[in-house]
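Student: Knowing the structure of chain R, use the given hints to seat chain G on it.
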Amino acid sequence: MPDSQAIAIDPSAVENPAVGIDQSSGNFSYDMKYEFDAGSGLNERTVDYISSVKKEASWLREFRMNALKTFESKPLPTHWATRDLENIDFNKIRYYLSSGGKPKRTWDEVPDDIKRTFERLGIPEQERKFLAGVEAQFDSEAAYSNIKETVAKQGVIFVNSTEALREHPEIFRKWFGKVIPTSDNKFSALNSAVFSGGSFIYVPPGIKVSHPLQAYFRINAENFGQFERTLIIVDEGSEVTYMEGCTAPKFSTATLHSAVVELVALKGAKIQYITVQNWANNVFNLVTKRGLAHEEAEIKWIDCNIGSRLTMKYPGVVLKGRKSRGEVLSIALANDGQHQDTGAKMIHAADETTSNIIAKSISVGQGRSTYRGVVHIPRHLKGCKNNTECDALLINSNSRTDTYPAITVRGDRHAVQHEASVSKVSEEQIFYMKQRGLTEGQAMSLSVNGFINDLARQFPMEYSVELKRLIDLEMEGSVG
Amino acid sequence: MSSQATETQTAFGGFSAELFLAHLSGQSAAPAWWLARKREAYELFASLPLPGRKDETWRFSNVAGLAALPASGKVRHAPAQPALAAGAALTFAGNRLESSSRVPADLAARGVVVTTLAEALLHHPALLREHFMAQPQRLGSAKFAALHAAFVQDGAFIHVPAGVEIDKPIILVHRADGGAAFPHTLVIAGERSKVSVVDLFLGDSANDTALAVGANDLYAGHGAKIAYTGVQAWPRTTLSFQLNSTVVRRDASVQSLNVHLGGRQARHESLSQLQAPGAFSEMLALTAAEEHQEFDQRTLQVHQAPNTKSDLLYKNALAGHARTIFSGLIIVDPDAQKTDAYQSNRNLMLSDEAEANSLPGLEIQANDVRCTHGATTSRVDPEQEFYLKSRGIDPVRAHELLVFGFFEEVLDRLEDAEIHAVLREMIVAKFKASR
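Sequence order for the protein chains is R and G. When you line the first sequence up against my numbering, it's residues 1 to 480, in that order. When you line the second sequence up against my numbering, it's residues 1 to 435, in that order.
Here chain R stands alone, though its shape is the one from the complex (with noise of 0.2 Å):
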């Protein structure tokens, strides 16, 4: 159990007046009284108590169990990905941690301490009233969910996912695992074994949400590993977004972040899923995000990762119905110990289906950012298109960069096209801004949100908004 101390704030942090904003949020944690610990390491025993606390259906716990069979089974896959992978020590870490406590419906019934956690996390007052929707995470339980009312009258379900497959399994056990099988990977296991909190929404068809729905995701306690399971059924014709913020607070041991998120559009539905990821530089960050786009669909990914140690993600889309579209947006930025390895996957599975893939990824100090990417392409299929673009930028000499992308195409009906390119701040426009009368920490800042200025403008306001904070305060001191 952490200590008594109410919150502990590094007290080297201090605001900074050339950004305005305080570095040191992010950098606390709370004393939580935990109802329910499922202590540390992985077995049976582990999943066993973790289903029986949510009061699981049997072939809910025996899909746990299988899960972890295959996790156990599986190797890291470090003959391609980094082997920062080893560090993690699967038996130091928590599975399962919950304060206990339904949901909360309305704001008045949140705890205040769990409410003052929102205030460092900086959700402005009125967007905290405004939390249409919110299912704001606080370690692996719900803390806070309060479904707008407009949102439920167009018969959207929001729930979290215990109660979505307790209260709703005709709607969602349908598709619960099916975009992304618990084999696809050792992580996705891993999530499918432990995995508790996350949203699961539904979508009936016709039904153009009006307000995007939001979650924040915070981990909470030393060692502990996060693993929500996050699942959108968008039926036809509907649209919905939905976006996921993360800040974390520092802690001195490497800590697991695994999600598994499973987006379904039936025919003609669009779902644009938002991640602005800021963890603490001590997070392993390997999360598996999959869609399913049907006739005439289109899904897309808007993917910015700021914060972790080690980032892997891919988020993909599986254009399974004719002339679906699939995005993903992605940008990148790696400090001092970070590795951010993230990309795109797009699996065209029918006839004239399209993809765009967009990637920038900036290195800063000894930072390094990678794309990986999978273009997909069978036999037997026609007018298939997709545009794959990335472009790095490096900031100091020691700064690295990768791409690795793998275009797979059958067939002379398609058109596919992949471009890189990296790159340093240009010196001229450097020069210029100076020369006007910016520090060179300023003009710094500037140029790499010109960068990245063309894909932060299709992020919704606040989000391009925190993402510039986020990115002026990185840049800071990696000039000079």
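Simulated from the structure, these hints should not be mistaken for laboratory data. All of these numbers come straight from a predicted model, not from anything done at the bench. Careful: at least some of the hints might be erroneous.
From chain G, some residues computed to sit far from chain R (all C-beta separations above 12 Å) [said to hold, decoys possible]:
1) Ala22
2) Ala85
3) Arg110
4) Thr115
5) Pro125
6) Gly163
7) Ser253
8) Glu291
9) Ala354
10) Arg370
11) Glu400
12) Lys430
Under the rule of at most 27 Å between Cα atoms (straight-line distance), these lysine-lysine pairs were calculated in the DSSO-like manner [claimed, not checked]:
13) G/Lys338 with G/Lys309
14) G/Lys54 with G/Lys194
15) R/Lys385 with R/Lys323
16) R/Lys208 with R/Lys186
17) R/Lys320 with R/Lys385
18) R/Lys178 with G/Lys54
19) R/Lys186 with R/Lys74
20) G/Lys54 with R/Lys74
21) G/Lys315 with R/Lys382
22) R/Lys55 with R/Lys92
23) G/Lys315 with G/Lys225
24) G/Lys194 with R/Lys69
25) G/Lys225 with G/Lys194
26) R/Lys186 with R/Lys55
27) G/Lys194 with G/Lys309
28) R/Lys92 with R/Lys174
29) R/Lys186 with G/Lys389
30) R/Lys320 with R/Lys174
31) R/Lys208 with R/Lys320
32) R/Lys385 with G/Lys315
33) G/Lys338 with R/Lys434
34) R/Lys267 with R/Lys320
35) G/Lys338 with R/Lys424
36) R/Lys69 with R/Lys92
37) R/Lys382 with G/Lys389
38) R/Lys208 with R/Lys174
39) G/Lys309 with R/Lys424
40) R/Lys69 with R/Lys55
For each residue, glycine too, the CB sits at the ideal point set by N, CA and C.
Tutor: Positioned in the frame of chain R, the structure of chain G alone reads:
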């Protein structure tokens, strides 16, 4: 025990220890260091496993097709040898020198050497020892490089001393005779020298060859200029490996073009090391793939010094059920600032059954660089086809023009018009035959 024996069998293919000893006994005239290297190479070959499905350097490759390493094979057709005016020529048949036209007297007097490995062992041992397969195998075929070093019987040794320029190309022909082929070409260009080399890999009309493991190493000393053209036209049953290493020193430049036409399954590995400022490596390839052919090309451009440049353009045209794999990597070392590196893979799909795989990669550890890569896969542009047809050109001819135009972008980069013409003819011939 028995399962172990089976595994060993597979890893050796037909190249048993007995076969190796028989090969060694035929090399008794060679110096001790050479024989020692061969023994080392054989041990390495025997100890390394065959590539597996999970090896990153063999991603997308048909590794099952490698399981048997046949030491001999049997019959089919082979292309005729193209006629080229040569500065000097060596023809090898069945790994042995068949005929040669030596360098003109004036060049010989200036120290130009165009000879066989067998002779180089006797007369130029120091140079041979320094450069023979001296570069690392970084692209996945260490096992096959070792097999080559163990069994190589003879090959071409070319040394152009400092300041000497040779106008006419040196033509090397490697004809297989049914046994396994181990063609070897070593080009050492001294400072400020200039040389052009053409390697032709041809099948014999009477005999077929099941396995070819070739190596060609190019070394360009300071300010040297090497133009290299390799044409792989093995018979359609051959499993082929061609392993290239190119070292480029200060202000030197190497242009290499590899044309891939033959073989059942052909892997080409090319490693360019840019070791000193001003070094430039231009890497070109053209592949005309048809039927069930698989062409597997792996490249690595390593920028080891500042102010170096590399430019890669690999073009594949795929008909029938053909498969191609292009896996390229640019590595910029931490100190190699001002690197200018380019890598481009273009795939032209001519059939609905063909499959093109592209893995264009970058690993950049210096920030002041200009590195770009691109990969495209598409069909003949219908608009261009329409334009030609609207000008009265018949559809078949229009299609051909566009396909050949696809290759011209690469061929146009050749300085030697004669080589350009010969290559165009060979590619066109293959395409016409496949229609």
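Student: All the hints need checking, so say for each whether the structure fits it.
Tutor: To see whether the hints hold, each was checked on the structure:
Even its closest Cβ contact with chain R, about 38 Å, leaves G/Ala22 beyond 12 Å, as expected for a residue assigned away from the interface. No Cβ of chain R approaches the Cβ of G/Ala85 within 12 Å, the least distance being about 39 Å, so the stated non-interface status holds. No beta-carbon of chain R comes within 12 Å of the beta-carbon of G/Arg110; the shortest separation is about 44 Å. Distance check for G/Thr115 against chain R: the nearest CB is about 43 Å away, which clears 12 Å, and the non-interface claim stands.
With a cut of 12 Å on Cβ distances, G/Pro125 stays outside the contact zone with chain R, its closest approach being about 41 Å. Every CB of chain R lies more than 12 Å from the CB of G/Gly163, the least distance being 38 Å, so the non-interface label holds. For G/Ser253, the requirement that its beta carbon stay farther than 12 Å from each beta carbon of chain R is met, with the minimum near 23 Å. With a least CB separation of 16 Å from chain R, G/Glu291 remains clear of the 12 Å interface cut-off, as annotated.
Not every C-beta of chain R lies more than 12 Å from that of G/Ala354, the closest at about 7 Å, which undercuts listing it as non-interface. The beta carbon of G/Arg370 is not kept farther than 12 Å from every beta carbon of chain R, the shortest such distance being approximately 7 Å. At roughly 15 Å from the closest C-beta of chain R, the C-beta of G/Glu400 stays outside 12 Å, upholding its exclusion from the interface. With a minimum CB-CB distance of about 18 Å to chain R, G/Lys430 clears the 12 Å threshold, and the non-interface call stands.
As the CA atoms of G/Lys338 and G/Lys309 are separated by approximately 9 Å, the hinted pair is consistent with the 27 Å bound. Of the supplied pair hints, the one linking G/Lys54 and G/Lys194 is violated, its CA atoms being roughly 42 Å apart against a limit of 27 Å. Taking the CA atoms of R/Lys385 and R/Lys323, the gap is near 10 Å; set against the 27 Å cutoff, the hint holds. Simply put, R/Lys208 and R/Lys186 have alpha-carbon atoms about 36 Å apart, too far for the 27 Å limit, and the pair is violated.
About 14 Å separates the Cα atoms of R/Lys320 and R/Lys385, which keeps this hinted pair within 27 Å; it holds. With a CA separation close to 25 Å, the supplied pair R/Lys178 and G/Lys54 stays within the 27 Å bound. At roughly 6 Å between alpha-carbon atoms, R/Lys186 and R/Lys74 fall within 27 Å of each other, so this suggested pair holds. Restraint check: the Cα-Cα separation between G/Lys54 and R/Lys74 comes to about 14 Å, which is no more than 27 Å; the hinted pair holds.
Restraint check for G/Lys315 and R/Lys382: the C-alpha separation of about 22 Å stays at or below 27 Å, so the hint holds. This hinted pair checks out: R/Lys55 and R/Lys92 have alpha carbons roughly 26 Å apart, not beyond 27 Å. With a CA separation close to 24 Å, the supplied pair G/Lys315 and G/Lys225 stays within the 27 Å bound. For the hint linking G/Lys194 to R/Lys69, the alpha-carbon distance of about 63 Å lies beyond 27 Å, and the restraint is violated.
This hinted pair checks out: G/Lys225 and G/Lys194 have alpha carbons roughly 5 Å apart, not beyond 27 Å. Taking the CA atoms of R/Lys186 and R/Lys55, the gap is about 26 Å. The hint holds against a cut of 27 Å. Proximity of G/Lys194 to G/Lys309 is assessed by CA-CA distance (about 19 Å); at most 27 Å being required, the pair is judged to hold. In summary, the hint linking R/Lys92 to R/Lys174 is not supported, as the alpha carbons are separated by about 34 Å, beyond the 27 Å threshold.
A C-alpha spacing of about 55 Å is found between R/Lys186 and G/Lys389, which places the hinted pair above 27 Å, so the restraint is violated. Under the criterion of a C-alpha separation no larger than 27 Å, the hint pairing R/Lys320 with R/Lys174 is consistent with the structure, at around 17 Å. Note on R/Lys208 and R/Lys320: the hinted pairing holds, with a Cα-Cα distance of about 22 Å set against a maximum of 27 Å. Proposed proximity of R/Lys385 and G/Lys315 is supported: the alpha carbons are some 20 Å apart, at most 27 Å.
Of the pairs offered as hints, the one joining G/Lys338 and R/Lys434 holds, with about 24 Å between alpha carbons and a cut-off of 27 Å not exceeded. Under the criterion of a C-alpha separation no larger than 27 Å, the hint pairing R/Lys267 with R/Lys320 is consistent with the structure, at around 10 Å. At most 27 Å may separate the alpha-carbon atoms for a hinted pair to count; G/Lys338 and R/Lys424 meet this at roughly 11 Å. Taken as a hint, the R/Lys69 and R/Lys92 pair is honoured in the structure, with Cα atoms around 19 Å apart against an allowance of 27 Å.
A distance of roughly 23 Å separates the Cα atoms of R/Lys382 and G/Lys389; the hinted pair therefore holds under the 27 Å criterion. Distance restraint check for R/Lys208 and R/Lys174: the Cα-Cα separation of roughly 23 Å lies within the 27 Å cut-off, and the hinted pair is therefore satisfied. Restraint check for G/Lys309 and R/Lys424: satisfied, since their Cα atoms lie roughly 17 Å apart, inside the 27 Å limit. Using a Cα cut-off of 27 Å, the hinted pair R/Lys69 and R/Lys55 holds, with the two alpha carbons roughly 21 Å apart.
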